[in-house]
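Engineer: Here is how the chains run, residue by residue.
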Amino acid sequence: MAGASTYKPGSGFTRWLDTRLPLLRLVNDTLTTYPTPRNLNIWYTFGGVLTFMLVVQIVTGVVLAMHYTPNAEHAFDSVEHIMRDVNYGWLLRYLHSNGGSFFFLAVYIHMFRGLYYGSYNAPREVLWILGVIIYMLMMLTAFLGYTLPWGQMSFWAATVITNLFSAIPLVGDSIVSWLWGGFAVDNATLQRFFSLHYLLPFVIFGVVILHIWALHVPGNNNPLGISVKGPQDTLPFHPYYTVKDSFYLALFVVVYLAFVFYAPDYMGHPDNYTPANPLVTPPHIVPEWYFLPFYAILRSIPDKLIGVIALFGSIGTLFFVPWLDTSSVRSCRFRPLMKQFFWILVVDSVLLGYIGSQRPDAVWHLSGVDLPLVWLGRLGTLYYFAHFWIITPIVGLVETPKKLPDSIAKPVLAAAE
Amino acid sequence: MAHSQAVEPTRRDFLYIATGTVGAVGAALSTWPFISQMNPSAAVLALASIEVDISTVQPGQIATVMWRGKPVFIRRRTPKEIEEAVAVPVSELIDPLARNANFPADAQATDENRLTPHVGNAAATAETPATPAAAAPPAPSSAATPAPSAEAPAVGLQEKPEWLVVVGVCTHLGCIPLGNQGSFGGWLCPCHGSQYDTAGRVRQGPAPENLAVPPYTFLTDTRIKIG
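Respectively, the protein sequence lines represent chains A and B.
Residues -5 to 411 (the working numbering) make up the first sequence, in order.
Residues 86 to 312 (the working numbering) make up the second sequence, in order.
No lab work stands behind these hints: they were computed from the structure.
Treat the hints with caution; some may be incorrect.
To be verified - A partial selection of chain A residues facing chain B, derived with a Cβ cut-off under 8 angstroms:
hint	residue
1	Val154
2	Leu158
3	Gly176
4	Phe177
5	Arg186
6	Leu273
7	Val274
8	Pro277
9	Arg293
10	Gly301
11	Asp355
Computed from a predicted structure; not experimentally measured.
All residues carry an ideal CB built from backbone N, CA and C; glycine is no exception.
Chain B with its partners taken away, still in its complex shape (with noise of 0.2 angstroms):
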């Protein structure tokens, strides 16, 4: 038997190889409860989206509220802000995409981009962005905001482009970034030196992206809902 070359596989082999490879995977399958359990459980998926009333905030005023246990940005901002953001082409941004979650993943960061799509019909107006602005919203103050659909179509867009709605946590490693400082008026990390600008957009390094955009829709002209 010992100097026999090529033996033929023996049941015995079959069984052997058959019987471990059965208990490698359940192994390996056992430790996915270990595993899974420390994913986000069900209690803190069932935060629910929120509603916030935005009438008390003054143009540039910046408030901060809690969703999904982070902060978010509410900023009304003034003209000169809203001038300076949509003054600066995308080419010089580090992060030249939206991050935006009312837009498609690789929406462009124009300063129109970082804001909320018109009355909740964010995947209609964003598809097609030609598409002069969609009809006023329910409430009736909107003649408050003056519409800039004028100027170019795809500013039509947004009809308030005053708001800007941002997760106030730094990209780079989750600091809270401080408003109003920085050179570039938005933004500044007090962690690591990261600047961001009027719309959100990171401007200096270290953080690689722009302050995300959470899903919101205006309900009413001063009421807007998160997530």
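Same shape as in the complex, but just chain A (with noise of 0.2 angstroms):
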């Protein structure tokens, strides 16, 4: 919560300073004495593990850019180069590369924690929308690295993704020629994508200045979802959460970890090791794991405009969720009917991203019975769409929620005693 500053300079240079600018009461007012609600579990870690692996993004993409050459004729060559050559190349490129993947899987946490504890309700909208934008700018950041490496599953990234705005009447095909700067994804399209994923992280560095300031002004959620009542309800930042944020950090670390050094490859494709081919698309292209959702809902729709409407649809559905949800209540703790559809849509997401890894023509058979996955990634992308625009609106008005803690000191004590 935003409250009254509490610094008090203790020397004279930080008394000359903080008439003049001050930094250090900033930071003193946003990462010590800030007031956080004193119940925050797990899984409000992760807002503090997505600004580290934002941090770890730049820094080790800073440095591949040193050795890699934004070339469709080298590109390639010089991820080897940085691979076999380069000091300590092949590290950085598994960080950066697994980082990706770990800074997807934290943002997909925060999100589902945000939409169980119901933090995009009023006052936090604004706080939940700049996360939707954050989230469209790291999709944005990441299909643009993808491509860099220039190998096949790169090229036809590229491509695909460039024609989905074919789709776009009338203008559509012009669009996709402005991107590409030619008539097909070549050496335009690479460097000015190697231009823009240089450039796109510290975008979202500066909207997520923006995010944190707008958490900072109404102050967290927390998982019973009623507000900070007083002092009582709250801790100081530090040492509380920033040992509790470190703590979580160093577990996840952990994992990431054990993927760079004993499983670097296992979420990338073997295909992104042939060298780009404009004249043979792969057998199976599938898009990185954390877009596999998105792929099955544009695959399942057989029009080309209406299934790019959906794909777009489906994340800018995110926008409006603060509107859709018509309960009183924020957390799904006290929302015995919501919570069951809220796990019902991490399933729904998961059976999705499941589909888009899988052949367009797969069948499931279960016992005698076959089973397109395309009908099921239909089934499943209605289901999608229906839980934001139909399901969320009405278990709002038809729910009994349970009842509601005095104040969120209350409940923490009692636990205690």
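From the two separate chains plus the hints, produce the assembled complex.
Structural biologist: Structural data, given as structure tokens:
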């Protein structure tokens, strides 16, 4: 919660600085004394994890750019040069490529956390919307970065994704040609993608600052979803949450590094170690795992334009969540019905991800019944949209929430006694 | 002054709005170079047409050449494949338009409209479809290909029904379709399952359009010029 500043400069120099540039006051108020609800659990540590991952990606990315060559003739070789010749190049590249995956893992946990505890509800709508914008920028950055190694998957990902815009009536083809800088994905495309891939993380960094600003005005939501009523409900951010965040960050990094060192290519595709070939599409192209649910939505619709609209609509829907939720209670802890729909949405998202990873003509053989996955994908897509546009508003109106606790401090202290 | 209502616009108001407008228009115009620089450069646009020797392509084979950074399929169709393509009524097609750069944009996607009109005389022959087959091509070996003009005047538009030339880019999201695959014997796109027939026409979605036919002409019986 943004309250009156409690910062007291300790020395002559900090007093002098405080009246000229109150930088230390800003740091003190946002990172030290910031009053934080005392009941935040493990799921609230992922904001810190995400900030850490953004820094990891920027630092590893800046040094990789010292060795990478954004040219269609040399890009693939320069990545192999990084892997084989550059000192610790293999480590830096694997940190960066797996870092993207773990960045998305953290953001999905962070987003589902927000959905479960109703963190998007008033007065945190702007905070939520800024988060959706960050997520979209992340997707764009990840896509651009994935094309840079200029392997087969890179090339065809660039081709398929840019071709999404050809679905736009009348001007679609001109837009695609504009994106490519030619008649096909080629050197001009690679060079602009590299430029933007380098730029966007700093844009994300800027929006993250707005996101944190928008967080610190109303203050954190919490697992009970009830508002902070007074100082007895909060703890200073430091040392309580700096330590808690650091502990879970360490656990997260252990898993991240386990992949970097022991399974660095597990989440990649072998095809991307084949140089880009504009004459041959690999027989089975799939995006990185974090895009699979959206890929399934795109493929489940047999019409090109509607498929593309559904793809973008599934992400755009998130912008409206604060106004689609009609419930007066934020946290699913006190929403017996919504809690169940939440978990169905989680299962639905994972199922869509699985379907997106399979071939478009794949069939499930379930005890004699042949179930084409594309139909399962259609059901999953329908459910995804229904969850937000139909179920969420209706459940908020018909559900009887459980009784809310009087304050955050009460159940927390009661549990301690 | 404060209570006076309808005050005449002053000279200062005019200057304020005029200056602001000029500034806004100037700012908007100055973004154009930054947008336009992303369009294909002169070097890319200068990519000339290509000439291809098709003498080595056997019936049933599909040759692939690069044109403007994209693959172009040159398919020498077997009589059976031609028959199958001709037999399909246009009303059954997902995309009823020919998508053929050598024909008017509203040409129907019949099999002959998917090929090229005879010997570089595209516009003339396309506009007068009733004209019987044009003169034989310069190369003397034209007798090798039986002239189908006897069957119907419209078929006479093209003398080489065995040659199909299409841009090898799926009209869905730009993957390269695989030849001689799928239920229609033409192409199957490995990415999202679109299927094309032996005239390169889309027969099963999600692709919305037939494979595009690039502008091309027969220079001789064994040589074509694309672009």
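Engineer: Which numbered conditions among the earlier hints are violated in the structure presented, ordered from lowest to highest?
Structural biologist: The structure conflicts with no hint, since it agrees with every one listed earlier.
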